[in-house]
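Asks: What follows is each chain in one-letter form.
Protein chains: 2
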Amino acid sequence: MTDPRNDSSSVRPLRSDLAAKWCIVVLISVVLVGPSTCAAKTRHLRWEVDYKYWSPDCVEGAVMSINGQFPGPIIRAVVGDTISVELTNKLATEGVVIHWHGIRQLGTPWADGTASISQCPINPGEIFTYRFKVDKAGTYFYHGHYGMQRSAGLYGSLIVQAGEGEKEPFHYDGEFNLLLSDWWHKSSHEQELGLSSVPFRWIGEPQSLLINGRGQYNCSLAASYRNSTSTAQCQFRGREQCAPFILPVLPNKTYRLRLASSTALASLNLAIGGHKMVVVEADGNFVQPFAVDDLDIYSGESYSVLITTDQDPRQNYWIAVGVRGRPPNTSQALTVLNYRPNSASKLPASPPPTTPLWNDYNHSKSFSTKILALAGSPRPPATHDRRIFLLNTQSKFSGQTKWSINNISLSLPPTPYLGALKYNLHGAFEARSPPESFPADYDVMHQPANPNTTVGSGIYTLALNTTVDIILQNANTLSANTSEIHPWHLHGHDFWVLGYGEGKFTAEDDDKRLNLKNPPLRNTAVIFPYGWTALRFVADNPGAWAFHCHIEPHLHMGMGVVLAVGADAVGKMKIPSEALTCGLTAKMMAANNGGHS
Amino acid sequence: MTDPRNDSSSVRPLRSDLAAKWCIVVLISVVLVGPSTCAAKTRHLRWEVDYKYWSPDCVEGAVMSINGQFPGPIIRAVVGDTISVELTNKLATEGVVIHWHGIRQLGTPWADGTASISQCPINPGEIFTYRFKVDKAGTYFYHGHYGMQRSAGLYGSLIVQAGEGEKEPFHYDGEFNLLLSDWWHKSSHEQELGLSSVPFRWIGEPQSLLINGRGQYNCSLAASYRNSTSTAQCQFRGREQCAPFILPVLPNKTYRLRLASSTALASLNLAIGGHKMVVVEADGNFVQPFAVDDLDIYSGESYSVLITTDQDPRQNYWIAVGVRGRPPNTSQALTVLNYRPNSASKLPASPPPTTPLWNDYNHSKSFSTKILALAGSPRPPATHDRRIFLLNTQSKFSGQTKWSINNISLSLPPTPYLGALKYNLHGAFEARSPPESFPADYDVMHQPANPNTTVGSGIYTLALNTTVDIILQNANTLSANTSEIHPWHLHGHDFWVLGYGEGKFTAEDDDKRLNLKNPPLRNTAVIFPYGWTALRFVADNPGAWAFHCHIEPHLHMGMGVVLAVGADAVGKMKIPSEALTCGLTAKMMAANNGGHS
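Heads up: the protein sequence lines correspond to chains X and L, in order.
The first sequence begins at 1 in UniProt numbering and counts up by one.
The second sequence begins at 1 in UniProt numbering and counts up by one.
Treat the hints as calculated values from the structure; they're not laboratory data.
Please note that a few of the clues may not be correct.
Intra- or inter-copy, both count: the list cannot distinguish identical chains.
Below are the SDA-like pairs computed for lysine to any residue, each with C-alpha atoms no more than 20 Å apart in a straight line [said to hold, decoys possible]:
no.	residue 1	residue 2
1	Lys572	Asn592
2	Lys41	Arg237
3	Lys572	Thr461
4	Lys52	Val198
5	Lys587	Glu86
6	Lys90	Phe200
7	Lys90	Ser196
Using the sequences provided together with the hints, build the complete structure.
Replies: Encoded structure:
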């Protein structure tokens, strides 16, 4: 590895580092001197989505790019800002939408960017403007939410800094932003095809893990530590698209690392050689700080961690990202914490940190249960108005392999739910709501006695401002002795994670174990193999909201539900008609226009 | 090659053979006994478009299938029938449309199936019903007309048999239907990406040629005739998707071969060992019969030829299809004319017929100029009301390589022209019409002095019932000493092919050489390298019609124009609003609905 310090990619973190410092300076000065450039404003962005040849992991393929960039541009905003993204679809034949992951879209459910749920896909050649407020500081990201376009590379970071007068409950001297993802050499179209084929063809493990869109497939940055000569040591000049994103730091400073995972599949673990990480934020909410040597991050999650550069300044240190929760077949993603003025290409003294064993779930659970709300955070209501049990099972439908919730595999209809709710359209989706629970005698520890499922498009209708519990219940897959990790992500709301447990949830035993004192607020929570996860939220944001496994192929196979919150309020809401010119809403508009044109 | 007689694929031609015989019997009996099953009726079809794994040339890839079939189902209809195709888009993220190539869509321009021109793309999950009359017997086909979905395999045959009481001017004992195409191992998405990339990446020559969707990439049916061992002799059990489509015949009979080319790129030549072919139909119009040893067929063209099985009945005979007009890098497609009761796997006595040299244009021109209308066919008006010259040039725009017409490269807008015309919408396309001709001093024999072009969406507006001449003028490409073949296809009308010539067309010299006596009516005509082709048609079918090079990547690169015929009549026409719920027409409907929903 040659010194990539002259490389634009390695300069980027330095710039963001400086930018972050500068903004912190401004924020502090704000309190003293008033308005600053960080004041709330509308940030107008013009984006074009198109495919582009790119080499994310040194192997060239087609990626979905925004304005020719992969990953898409980083959005940096301040609490209270309005983000306005004028999105032009430059794809040849595919529709597109973009979801702003973690932004609750208070009052703007049409801007949530979920095809079939909040809007129609944007057709090729057409423009759609997302306009929404960022109301809470934190580490977010955005990504495609149509077919498997996230897998195709349609994602980027969205960072919301604290507003004027707001002070975050920790200090740092600089920040880095690491968006983690996984990458396949097979196109997302072929992946989709395999998933719906009979016989089923699984997408397999990713070829590479990427840090800010950069990984290495045919070589390793750390090959020279091994005796084996099977993998070559990477040689970079610095300008390669797959050259690592180096983190240049100064000794004895504190840095904030913003971590987010937009993986299609992989559950990840991140560790930094010789450095502890103090977790301070999860999914845009402050948590009670705690120190760890390594951190699990599931698809859809984000964290901020603080690190202090208190190690031997003559050395550099590895940052390593590996796969958890599935038998791994993908090399670690690596990059370097580069203590300046050392050369970035100076290899660390020791090999990269080892990722914990993929199936060491106790390690994972230990991490997850450490995450608690920072004192003073909003607390959940003491009781729920409604409790919905969602059993995750793998299943079969017409020979296809599916994932089902209470034995219904979600099949998204062509008319967006939001439009169907607003106009009270019949036939847009199945009128019958899916079940609130599953048979009491269902054996979660074994393969389903009857693997056959149904596909459906019904929704759960939640009364406005009610407190809803969701108990996610895991089970055995179609294969014996197998149960998988699923990170579930809720749109439009944060939820409190009240607890995790083993086996089947029973109110009798488990209710008293729920944490109502300081559960963390999040938008994504994992369900462990053969376990359950209990969530509580207040359904206070009218709209049609997806709640689904964030593993993209799992969602594609039906692993999700749709929640309708405050249908009456939706009926009175203003929704830009451009969001609804498809399916039955388009038909209705055309009928009002005279039926036949 | 083992005997595939027990194979369902080889049984198919027998069945269609029998079906054809049966229908002829019926047609003849019709005259005597009245109504029959061939009487005009509405043929209701329900189609689902989806990707499917398939091995068109023994190499597996993703193809666009209809009802799980590749090529799509054969439509057989009788003159006067109405075809109703209820098309459901089962693709994950791509829109789709289907064009009924050669059907003029008299009075139903909205059913022409051209995205951006006659309708909005059908979104995933949505249903659109094409409904149109087939008013003229002939050999047609259908195919995708959005992005490069034809290249992805979205095509099939459409056969219109003569109606009751109609008698075709030739006799045959059985018929076969051969749809010819070319196939790439790279996905159409990657092909699209390469074509729009800077630097330009050409799609290259096809990996295989297919006969009814069947070719052989890694082996040859005729390998054993060669001394070389580089290609293996194909071994088929018979049920393989890439097993050849055998043509079983009886000695001393006359067979009609219906040939159509839906190639994305390749110009083809077809020959049958030891058999003459008598050409009797071109693009759904009868021609003065003439006999040939081999036949050129360009993308978008169709022919019927008659063959008589008058050769040694103890032998089988090769049918060979090879590439013309481009330095070939693709093996011939082969299949067998199987004289029963010989085994289909009995190899013919001689090697397959050799395809004429790719650049033997005299051979091609000799064939094209033999095609003349059958006596009694409609004759063209003696004079034109308007003459438009269209110069085809290869060009550059923002670093991209384009094809341009009169120095404008067609860029299709998101609002279908048909809707924009109906509602007289401003801003849907460029108001300024493209030029009627090109600079008189343009040197067609050399590379363009200035290769820069513009992109545009303007249209040619043709007054209803006027007679329009189009002079297609070829020129040198961006490379020295290169000019390519382009088969131009007109939607909504047939045209008379008045003549072909060398160099630049000049009215002074060339007008008197035009054939006004018995020019053939067609919907596709080729323009030879450095030459011109003169066409005449009566613009009598109101609508928005594409006129374009039928080479799919060339159209994708801008090689086409749009003709608006009888805009007033379009304004009064009924158009199903489902065809128009996108772009500005959707916006208009939404605005009439209250703007904000």
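Asks: Indicate, hint by hint, whether the structure satisfies it.
Replies: How the hints compare with the structure:
1. In the homo-oligomer, the alpha carbons of lysine 572 and asparagine 592 lie at most 20 Å apart both inside one protomer (19 Å) and across protomers (19 Å), since each shortest distance falls under that limit.
2. Taking the shortest Cα distances, lysine 41 and arginine 237 never come within 20 Å of each other, neither inside one copy (40 Å) nor across copies (70 Å).
3. When the C-alpha separation of lysine 572 and threonine 461 is checked against a cutoff of 20 Å, the pair qualifies only within one copy, where the shortest distance is 17 Å, while the shortest distance between copies is 45 Å.
4. For the identical chains of this complex, lysine 52 and valine 198 are inter-copy neighbours only, at 10 Å across copies versus 31 Å inside a copy, given an alpha-carbon limit of 20 Å.
5. Taking CA atoms no more than 20 Å apart as the test, lysine 587 paired with glutamate 86 passes between copies only; the shortest distance there is 16 Å, against 26 Å inside one copy.
6. With identical chains, the CA atoms of lysine 90 and phenylalanine 200 are at most 20 Å apart between copies only, with a shortest distance of 17 Å across copies and 32 Å within one.
7. For the homomeric pair lysine 90 and serine 196, the shortest alpha-carbon distance between copies (11 Å) is at most 20 Å, but the shortest distance inside one copy (27 Å) is not.
Hint check: a violation occurs at hint 2 only; the rest are consistent with the structure.
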